[in-house]
Amino acid sequence: MLDALRDSLLAYGNTGLVAWIVLKILAIAVPVIIAVAMFVYWERKVIGWMHVRMGPNQIGPFGVLQAFADVFKLLFKEVLRPQAANKTLFYLAPLLALVPAFAAWSVIPFDAGLALANINIGLLFLLAMTSAGVYGIILAGWASNSRYAMLGAMRAAAQTVSYEIAMGFALVAVVILTGSLNLSDIVLAQQGTKGLFDWYWLPLLPVFVIYFVSGVAETNRAPFDVAEGESEIVAGFHVEYSGSAFAIFFLAEYANMILIAFLASVLFMGGWLSPIQGWVTADVPWLDWLWKGGWQWTFIKAFVFSFFYLWFRASFPRYRYDQIMRLGWKVFIPITLVWVVVAACMKFFGVVTIGA
Amino acid sequence: MTFELVCFYAFAAVAALAALSVISVRNPVVAALCLVLTFFSMACVWLLAQAEFLAVALVLVYVGAVMVLFLFVVMMLDVDLVPLREGFVKFLPVGIGIAVVMLVEMLMLIGVRAMQVAPGPDPAAAAGKSNIGWLGEVLFREFLLPFEVAALILTVGLIAAVPLTLRHRRGIKTQNPGRQVMVRREDRVRLVKMDAEGNREASP
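Protein chains in written order, with our numbering: chain L, 1 to 356; chain U, 1 to 204.
Certain hints may be false.
For lysine-lysine, the following DSSO-like pairs were computed, each having C-alpha atoms within a straight-line distance of at most 30 angstroms [to be verified]:
(1) 330(L) <-> 129(U)
(2) 292(L) <-> 194(L)
(3) 87(L) <-> 45(L)
(4) 292(L) <-> 24(L)
(5) 87(L) <-> 77(L)
(6) 347(L) <-> 129(U)
(7) 73(L) <-> 87(L)
(8) 330(L) <-> 292(L)
(9) 24(L) <-> 129(U)
It should be emphasised that the hints constitute simulated quantities derived from the structure, not laboratory data. Bear in mind that the values here come from a model prediction, so they are computed numbers and not experimental data.
One chain only, chain U, in its complex shape:
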């Protein structure tokens, strides 16, 4: 057994265990952290498969940004766990059924036969480039249109999320930094010329 294989089994086991504890632990914050651990272990597995860009992008996007916001929400909401747990046993058979269907679908998608055939040579290595260089060229040359369409869809989603939650409130005071910077001395201070008040006795 090579060192890499040992690493693979270790990371895969951690990923599976962490994924299990996401749905089994009681505390939602701990569950979110277990999800982070799952992502991290999967990134390590991908690193072992020499998909370094994918692995680091997973850590960067999901661990670094998405899960942080997720944790934010979980912490702020302070979820009451008791009503959430009530139907756990009742709905367990349904959940398992859905999971099995999803597994079957995934196996059909990937193809059971493909799992028995050894994968071909690494296309990046075959092209004599680094993983990320190859990925960039494929993405921006061969699959430019799908890539741009995906980007457009994401942008539409982003813009749609803003108007859905945007509400204009009246009667609030806001600043205008431009005007604040433009302000001059004359706008704020008025110098009044007046005579000194006379006839005051000098203090002893």
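Isolated chain L (complex conformation):
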């Protein structure tokens, strides 16, 4: 059915091609938006349970519709703009935060051959997009013409730029083992017969931990959320935003969180590969994805990693700002630098086998 749709669209030439690409983009963007809404509900529920509370439970069965109620509330609120704010940049900033957050999703492989853009430089593209997302934050802080927003933006930008380095080195280790920047190739390189011990988390364990912690820091989430720091700077860079403009920041932040969760599963946890790959070789319809691998595994792993975000938030107190910077620059970067060399040695001496 999909092929027929594609062929009928492509028959219209360039216009049809663009329409087909737009359809593919929507097929990723709409589920991401819905996932963000449900993730917010899940976050409130999980944190509620961890605090021995109920969490949202009034709207819909088990409070499931709470997220949509929140969305509608935000969309119907008035978007206020401070009088002395720079008008163009004030409204441009949320969009600048949102666009890279969604653009990065285009290279995520969900299953073998199931990616919007299976490009050679997928990993670099991801790094470029996540680093471009910081513009929304600093512009929001500056254009609001508010001290709190400015301080929050400065903190957020410095934090993002700092942790980008550790994250980049962590990815370099992955790239060294794989020999490719293509995300599908990275997953396929983790294939093998030893189940989950073929994945990169084992040879790259320190780097894997650093990657995920850097991801938490890069998305400015607890315990690294001094950029928002409610108790000191009210809400950081988006203190002046209300209504749908604030909703866009919210959407971008959560889309980035889920993206990091997907990336952690793709880069270090074998993406769509099964944790018992190579141990079972039976052919059972509907169930053989359990050992042969399939998109379900990508989503299960991403769900677990996104759950970690909530777990961290409910468990850890907020880091002080200088402690965050020390952790990024003096702990993570040296460890990743050493492990890049270790990974190169592992590759050179054949400690890690690549591919099946």
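Take the given structure of chain L and dock chain U to it, following the hints.
Then chain U, alone, in the frame of chain L:
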């Protein structure tokens, strides 16, 4: 006109316009953002030329890191624009003269004849590799020494920048995280054994 050609003209026009507005807009923050837009459009043009590594590296390094720090500085300094604008018209002829000289130099460097000859086949495609794979092999095999020399120069620059701005201040309190972690209960809490105070009346 193919779709790619349309894209090329669009991106090139945006790049040129954005570059013009970098020097013409009044607000320095907007000017810095226009520079970001210029970089981005140029990256898109390079993507069309199938230099994908170069394009993404431009976005990653310049858009993602350098311009962020640049914006930081511009925002923090809160530049007063009036004195900056004063000599704009007076120095315009000099500026144009320098720009023309630079253009001529660039044309000489690239070679006017080379612009009329069609470029040869893409060396990466000719070698049957991806752009980045070919680039890596050329960079780390044929041009290893120049590459390492460039890296060394950059490192020297980096280290030189640190001592130039480093100043030791006295009388400030700093933490030693190692000692903080090593601390034990006995260092902080002292338990004193003492008798309970007797003869107090029980509260009613």
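So, going through the hints one by one against the coordinates:
| no. | hint | verdict |
| --- | --- | --- |
| 1 | 330(L) <-> 129(U) | violated (38 angstroms) |
| 2 | 292(L) <-> 194(L) | holds (13 angstroms) |
| 3 | 87(L) <-> 45(L) | violated (37 angstroms) |
| 4 | 292(L) <-> 24(L) | holds (26 angstroms) |
| 5 | 87(L) <-> 77(L) | holds (19 angstroms) |
| 6 | 347(L) <-> 129(U) | holds (21 angstroms) |
| 7 | 73(L) <-> 87(L) | holds (24 angstroms) |
| 8 | 330(L) <-> 292(L) | violated (41 angstroms) |
| 9 | 24(L) <-> 129(U) | holds (28 angstroms) |
Checked against the numbered hints given earlier, this structure breaks hints 1, 3 and 8; the rest are met.
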